[in-house]
Amino acid sequence: MGVGRKIRDWFDVRIGLDEFTRVQFREFRVPGNCNVFHTLGLVTVIAYMIQVITGILLLVYYVPHPDFAFKSVQEIMNTVSFGWLLRQVHVVGSSLMVIVVFLHMASVFFMGGYRKPREMTWVVGGLMFLITLVFCLSGYLLPWTQLSYWATTVVTSIPTAFPYIGDFISRVLRGGDYVTGITLGRFFALHVSILPPLFLFLMVLHIFFVKRTGLSTPPCGLSSEPQNPWTEYRRETHPDGYPFYPYFFRKEIFMGMLYLTVMFFFITFFPMLFLPEEANTPADPLRTPSQIRPEWYFLVPYQMLKLVPNKFIGITLLIALVAVFLSWPFLDTKKEPNILKRPVLKAVFFLILILLAVLTLWGHYR
Amino acid sequence: MRYLLLSLLMVISLPVSSLAGYREEFEREFLSKPWAGEQVEEDACIACHVAEKMDPKFKNIPQSWRMSIHYQHNVSCHDCHGGDPKDAEMSMSRQRGFVGTPKYAEVPEFCGKCHVGILRNYLESGHGKALKSTGKGPNCVTCHGSHKEEEYIKKANIDIINERLCSKCHSYERAKIMKQALFLTEKKMGELEEGFGRLKAEGVYVEEEEKGLFNIQAEFRTLFHTVDVSLVKDRTDEFAKKLEPIETKVKNTLRELRFRKNFSAFIMLLFAGMGIVVFILSKPPRE
Amino acid sequence: MKRRNFLKVLLGLLGSATMVTFAYPLVKFLAPPEGESKTRKLVVKKSELPMGEAKGFTFNNVPVIVINRPDKGFIALSKVCTHLGCLVTYEKAKKILLCPCHAGIYDIEGNVVSGPPPKPLQKFPVRVEGENVVIG
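Protein chains in written order, with numbering that gives the first Met the number 0: chain A, 0 to 365; chain B, 0 to 286; chain C, 0 to 135.
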């Protein structure tokens, strides 16, 4: 008997490995009309894991104090062997992760995967998206560059639009009236020890919901009869679909490879795309650079606040939109599962995508 | 259900939005900060000197200043001429240190308030001694210009030594020899500055090296102000040697950057290759 | 079927190449740095620095000045001005350090008194051991 077989038998006798792999991987089936967008969930997990691993390794050399933060990052980039590789992966990976999370969300929305009985999955996923943005915000301050310092100053000033509590929120975020070493300490604690377990917990919950309810069937290509109403728990098993392993698993690995290829494409050909000149100058609280903008994923709320004539309405609008986004499964009561047969919703969806793109570009090129 | 939620949102937001006090606070915190895009310039000197009523010979000054190297380094009117830039009434007051336009022979001390080392060398030089003893001779403005008419003060460079300027008082011969002595080292320093520019564009932080180069440049140019040809010729080599370690560092860093690009390109190709293989493998086999 | 086997072998090869390409940098990243950790110390005889006097040295490629302050003992400061990098000079009579490039003035603690420098001069740790002053 081969060595591999022997090892598998050793585990099988103790934890029933064979039965586990059979049920979870070979007999688990995915819907027949499953397309590549279904793989985005796993790509998000891969992206997150890459951030965690590179983040932990960067933690070995990074010093979270305003007098040493910038220098330690420069040392990582120039002195430590291959430190540049880890930092670049972490920086590029953070932007790519936001994109992947967004694509995953948009495709789930488009395929109606949030509908009953999957509302909780959507809400948990939405919270994970928001936490990803907080990750990006807190991580951005850590290198303590001109860009970090001033972009953080801008973003932590936004809550002041709220009456009474706005000022308090800003002061709690910053640890004072200005961005200082206290802010760095808070953001570091948030980025490294508060958000990761929270995100992990939500991720486990999210995956649990997905597996427990079963993968949703994309409505494309199916007959247009509405689904049987859900009145009691059952798990969708897709007996007509493909086995997860090897077919869908290979698709997921392909998407993972594609993600990594795109990441290294950016690192090779555009290494300074996310690191403009101000990102290589140490923070100087006395000198404001002429053009300060938040990072690209915050340009939408930033530009919106600049456009709406009354700033308080602007912030309320933002909060309202986030609330609508999180609670969408409860607000969408139409029975038709196929978005292609709902022209209003389809139009709204594409309009929102175009609006987000326009706001981002506008905020960038102003 | 959704109507309930939407109407709750509207009901809450209406009375809250009627509270106007925080709006000023938000505008103060968020909109009127420099990074919100609204710059506020409070310089009383500039305000008068660009006004319509100003005498034409003074009106050009702010524009000329804005082209100068002093402007690029945030050195403005009061830093040299004194006075109070925030208060129009006291902007030209002797109490606030206003000195006005320096007289011809006092220009070196005027500029030497900041450019201390150069003043020292100048006063010991032939040019300085001539000016102090006879009242005639080149002062700083003769070679470097000022904010008069079409002139502006540029960053120092070797072409300030030229036939037109230097032969006003004596033959160009000595100046030419000095320029030749300075030329190679100046060229090397220019190349190093270019190298730094390239490194910065690739994201390398070079402030320490830039400081080292600036120090050598400053010493080198201060040396020139002695206008002592033999001294300059002797010490030029010394400076060239000082530049060598910086040159090596720049070269090594550029090499390292090329290695990084190749390494990450290699990794990218590995992943792309694996992606393609997995893609082909993932097609269901023809049954 | 033969083509599939070939592809699987190819995948294995590429996969192991990738793992090696990442394992090597990872090991080098975590390995302790070579050589740099030993900080050389600069030893100066007390007798070379009478009260109020200062002397320039080079310490780890940085030009430093060691001053024997009248009431507070020895201090070692970097001579590199924090403005643009020129080297400061010690003016004993006025008890200041003056940068000749743009008249940046520091006191003998290294703090900025006037002029364009944005930060104080870098300080180095100083200990007195018997007849010697040890920097670093």
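Don't read these hints as lab results, they were simulated from the structure.
Treat the hints loosely; a few may be bogus.
Beta-carbon label-pair distances, calculated as ranges [said to hold, decoys possible]:
| no. | chain 1 | residue 1 | chain 2 | residue 2 | range |
| --- | --- | --- | --- | --- | --- |
| 1 | A | Val-35 | B | Lys-187 | 52 to 62 Å |
| 2 | C | Lys-91 | B | Lys-187 | 27 to 37 Å |
| 3 | B | Lys-260 | C | Lys-7 | 23 to 33 Å |
Note that this is a predicted model, so its numbers are computed, not measured.
For glycine and all other residues, C-beta sits at the position ideal for the given N, C-alpha and C.
Using the Cβ atoms, figure out if Val-35/A sits within 52 to 62 Å of Lys-187/B.
holds (56 Å)
Starting from the range 23 to 33 Å, see whether the pair Lys-260/B and Lys-7/C falls in it by beta-carbon distance.
holds (32 Å)
Check the following: the C-beta atoms of Lys-91/C and Lys-187/B are separated by a distance inside 27 to 37 Å.
holds (36 Å)
In summary, this structure violates none of the numbered hints.
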